[in-house]
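Given the structure of chain A, go ahead and fit chain B onto it with the hints provided.
Protein sequence lines, in the order shown, are assigned to chains A and B. The numbering used here puts the first residue of the first sequence at 1, with every later residue one more than the last. The numbering used here puts the first residue of the second sequence at 1, with every later residue one more than the last.
Derived from the structure by calculation, the hints contain no laboratory data. A portion of the hints provided could be inaccurate.
Any copy, or any two copies together, can satisfy a pair, since identical chains are not distinguished.
Computed list of lysine to any residue pairs in SDA-like fashion (alpha-carbon distance at most 25 angstroms, straight line) [to be verified]: (1) K235 x D261; (2) K201 x R262; (3) K178 x E234; (4) K201 x V267; (5) K235 x L321; (6) K201 x A212; (7) K328 x V3; (8) K178 x I240; (9) K178 x S288; (10) K235 x S288; (11) K178 x R241; (12) K178 x A132; (13) K235 x W313; (14) K178 x H223; (15) K328 x L135; (16) K235 x A177; (17) K178 x S311; (18) K178 x T342.
2 protein chains.
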Amino acid sequence: MDVIDTRYFTFAHPPDELELDSGGRLGPITVAYETYGTLNAQRSNAILILHALSGDAHAAGSHAGEGRPGWWDSMIGPGKAFDTDRYFVICSNVLGGCKGTTGPSSVDPATGQPHGLGFPVITIGDMVRVQARLLDHLGIETLLSVAGGSMGGMQALEWLVSYPDRLHSAILIATAAKHSPQQIAFNEVGRQAILADPNWKDGHYYGGPPPAKGLSVARMVGHITYMSDLSMAEKFGRRIREGRRRARFGNGFEVEEYLRDRGDNFVRRFDANSYLYITKAMDSFDVSAGQDLAERFRRILAKVLVLSFRSDWLYPSSQSLELVRAFKRASVDATYCEIDSTYGHDAFLLEAETETRLVRHFLETVTRERTPAEAKGLVAVRSRTRSG
Amino acid sequence: MDVIDTRYFTFAHPPDELELDSGGRLGPITVAYETYGTLNAQRSNAILILHALSGDAHAAGSHAGEGRPGWWDSMIGPGKAFDTDRYFVICSNVLGGCKGTTGPSSVDPATGQPHGLGFPVITIGDMVRVQARLLDHLGIETLLSVAGGSMGGMQALEWLVSYPDRLHSAILIATAAKHSPQQIAFNEVGRQAILADPNWKDGHYYGGPPPAKGLSVARMVGHITYMSDLSMAEKFGRRIREGRRRARFGNGFEVEEYLRDRGDNFVRRFDANSYLYITKAMDSFDVSAGQDLAERFRRILAKVLVLSFRSDWLYPSSQSLELVRAFKRASVDATYCEIDSTYGHDAFLLEAETETRLVRHFLETVTRERTPAEAKGLVAVRSRTRSG
Chain A
1 MDVIDTRYFT FAHPPDELEL DSGGRLGPIT VAYETYGTLN AQRSNAILIL
51 HALSGDAHAA GSHAGEGRPG WWDSMIGPGK AFDTDRYFVI CSNVLGGCKG
101 TTGPSSVDPA TGQPHGLGFP VITIGDMVRV QARLLDHLGI ETLLSVAGGS
151 MGGMQALEWL VSYPDRLHSA ILIATAAKHS PQQIAFNEVG RQAILADPNW
201 KDGHYYGGPP PAKGLSVARM VGHITYMSDL SMAEKFGRRI REGRRRARFG
251 NGFEVEEYLR DRGDNFVRRF DANSYLYITK AMDSFDVSAG QDLAERFRRI
301 LAKVLVLSFR SDWLYPSSQS LELVRAFKRA SVDATYCEID STYGHDAFLL
351 EAETETRLVR HFLETVTRER TPAEAKGLVA VRSRTRSG
Chain B
1 MDVIDTRYFT FAHPPDELEL DSGGRLGPIT VAYETYGTLN AQRSNAILIL
51 HALSGDAHAA GSHAGEGRPG WWDSMIGPGK AFDTDRYFVI CSNVLGGCKG
101 TTGPSSVDPA TGQPHGLGFP VITIGDMVRV QARLLDHLGI ETLLSVAGGS
151 MGGMQALEWL VSYPDRLHSA ILIATAAKHS PQQIAFNEVG RQAILADPNW
201 KDGHYYGGPP PAKGLSVARM VGHITYMSDL SMAEKFGRRI REGRRRARFG
251 NGFEVEEYLR DRGDNFVRRF DANSYLYITK AMDSFDVSAG QDLAERFRRI
301 LAKVLVLSFR SDWLYPSSQS LELVRAFKRA SVDATYCEID STYGHDAFLL
351 EAETETRLVR HFLETVTRER TPAEAKGLVA VRSRTRSG
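Next up, chain A with everything else stripped away, as it sits in the complex (with noise of 0.2 angstroms):
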């Protein structure tokens, strides 16, 4: 793939403003995004890539004079899952995150100030607003799918709900309708160890040292649920290491190294108070709406592809099932597959193989079905959907 460049866009006025969830306004709004591949003609052939927690724009192909890959370009590119000599492949930074996109750290222009904790809250639906104005911007009034892993999945339920008549599919990988307590209390685990953190000052940190080590011990969390327990055996088992930093009151373990080095990085690359705010639109989401789940996704025109991974017990597949039995209750198009992985979590970001298997397939029906009804538009889809 070529050289790849992150665009930016910011809301024109009018409305140069967002209507959020929680009921503020927000604006203007920049967007940071890549593209990879060709719109074709029709504009029926873009794919958008919806990413996780700690992803971000930069999602395949190589920035200039920079080695390291985007987050998935193991799946997106010419002849991969996401085939960029057939489809056109966007993928934008999330509202609230510290990657280009408005977030917390970015300058309130009402103060000249970064905006801290005065950042409104945000959700997963503005994040998809936001999305949704990103494509209008590009010309693309229906996507041929939406697809996403973790909350990257969280974003292509709230499309599916919010904007049925603009996606053709959508591709949910190790995701949830909403968030169990347990999986609450291990972000609020990684929210405290930030707020613990002098250098955090109320999220007035900007300009002096970041809160690293609480952010750092917050990644060390997510990275243990991220992998699982098998995982973590058979990459690290219990061999000792002499690390750079002194065991102490004791032997110290390579997988005790691992982590920390993961968490110190992160660091580096990654704005606490966004890993507020973004952990928080987690939580806080619900596909529901405090409906019940088939009727909410009454609605849904798209077909629908539910991946899981059987070691991941951050998100568990029994959520998945969760919303599979009640796409079909709703009488979706949906398709599950559990696949059998023993990286956790992670799996979404390291089963490439498998993923590419049952991704390209369903894009290949998605496009084949989708053909015949495309002259006749949605609406003559959704009609044929209801009395079908």
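Then chain B, alone, in the frame of chain A:
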């Protein structure tokens, strides 16, 4: 049960020091302990209860002027599982602890200051050797049983391999031969949260404010792992709560407030350095000592009861089964039961009714089977076991 007092025993000269697994020596050592019931004339009815990470010597009954009973009061007392009308029950605070037994917060007689990080590295083996000294002091040569859950089970395992001549039975609950990397990882997150707290000051915080925020985060992580996803769902669901601390960045959930409260309470009753040393002792523990586990168990004469809980994902049943298989290969008389509880790891403290049935029957069998052999002494028992 009568009002209970904690008593203290300090190793007298000679020898007034303990040789540690780490190679160093430590002394004098004070041990906090409690006893319940009466030692019989044959000194044959003593049971040693072994506490988990945050436990202490106060296992049962109530202290004068305090309403709160001991941590395993549901299991220890007249007519209970560990029936104090029949058995003489002992519980002591572990070495490295902060509830009366020598630990990092104790004053080092050499300096007149608390040990802090000058405290030597300790192991589960060291804890058990201190308990053996306490039994010597109490004039108890052989134990009818040792019993403990979680880290208490590790101590029971250590008793089995280190003092095979001194016990007739052992009850291992929700424990493991060694920590998996995932178990180490959760402990390491807790340790890093403490180390990240600027009040920790390399362990020299005594006399000043303790690293309360770090220790609280550590405890929060622990609590998540002690509960099951289901028990959290039953207890909290996704109920929203406006707690004492205003929810920021979005809704506040009950589970968050619960965890913060548990974290804050813990800080008032536990020492951060003890948390560091004791969790390291747990992580470093490996009853196999690098040998085949069955080989390691071959000298065991005691009858063993192994209990695990279906929803315990911190010490999963697979770890208990690993022990049971090794016991069987070593021809140890081992019984295993997986209890169908939804409480997760906490079940060992909460499933008193089921545990009582199993433990009472087990102890009766041990008492009955032991009696004829008693006359011949343990040496005879050993020959019988070896030839059998």
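Going through the hints against the structure:
1. Taking CA atoms no more than 25 angstroms apart as the test, K235 paired with D261 passes inside one copy only; the shortest distance there is 15 angstroms, against 35 angstroms between copies.
2. In this assembly of identical chains, K201 and R262 lie within 25 angstroms of each other by CA distance both inside one copy and across copies; the values are 24 angstroms within and 24 angstroms between.
3. Taking the shortest alpha-carbon separations for K178 and E234, only the inter-copy value of 16 angstroms comes in at or below 25 angstroms, while the best intra-copy value is 31 angstroms.
4. In the homo-oligomer, the alpha carbons of K201 and V267 lie at most 25 angstroms apart both inside one protomer (16 angstroms) and across protomers (22 angstroms), since each shortest distance falls under that limit.
5. For a Cα distance limit of 25 angstroms, the shortest separation of K235 from L321 across copies, 23 angstroms, qualifies, whereas the shortest one inside one copy, 29 angstroms, does not.
6. Taking CA atoms no more than 25 angstroms apart as the test, K201 paired with A212 passes in both settings, with 12 angstroms inside one copy and 17 angstroms between copies.
7. Proximity of K328 to V3 under the C-alpha cut-off of 25 angstroms is found in neither arrangement, the shortest distances being 42 angstroms within a copy and 61 angstroms between copies.
8. With identical chains, the CA atoms of K178 and I240 are at most 25 angstroms apart between copies only, with a shortest distance of 14 angstroms across copies and 39 angstroms within one.
9. When the C-alpha separation of K178 and S288 is checked against a cutoff of 25 angstroms, the pair qualifies only within one copy, where the shortest distance is 8 angstroms, while the shortest distance between copies is 43 angstroms.
10. When the C-alpha separation of K235 and S288 is checked against a cutoff of 25 angstroms, the pair qualifies only between copies, where the shortest distance is 21 angstroms, while the shortest distance within a copy is 38 angstroms.
11. In this homomeric assembly, K178 and R241 come within 25 angstroms of each other (Cα to Cα) only across copies, at 17 angstroms, whereas the closest approach inside a single copy is 39 angstroms.
12. Proximity of K178 to A132 under the C-alpha cut-off of 25 angstroms is restricted to the intra-copy arrangement: shortest distance 22 angstroms within a copy versus 51 angstroms between copies.
13. In the homo-oligomer, the alpha carbons of K235 and W313 lie at most 25 angstroms apart both inside one protomer (18 angstroms) and across protomers (20 angstroms), since each shortest distance falls under that limit.
14. Taking the shortest alpha-carbon separations for K178 and H223, both the intra-copy value of 20 angstroms and the inter-copy value of 21 angstroms come in at or below 25 angstroms.
15. For the identical chains of this complex, K328 and L135 are neighbours neither inside a copy (29 angstroms) nor across copies (64 angstroms), given an alpha-carbon limit of 25 angstroms.
16. For the homomeric pair K235 and A177, the shortest alpha-carbon distance between copies (20 angstroms) is at most 25 angstroms, but the shortest distance inside one copy (31 angstroms) is not.
17. Both within a single protomer and between protomers do K178 and S311 lie at most 25 angstroms apart by alpha-carbon distance, with minima of 19 angstroms and 21 angstroms respectively.
18. For the identical chains of this complex, K178 and T342 are neighbours both inside a copy (24 angstroms) and across copies (21 angstroms), given an alpha-carbon limit of 25 angstroms.
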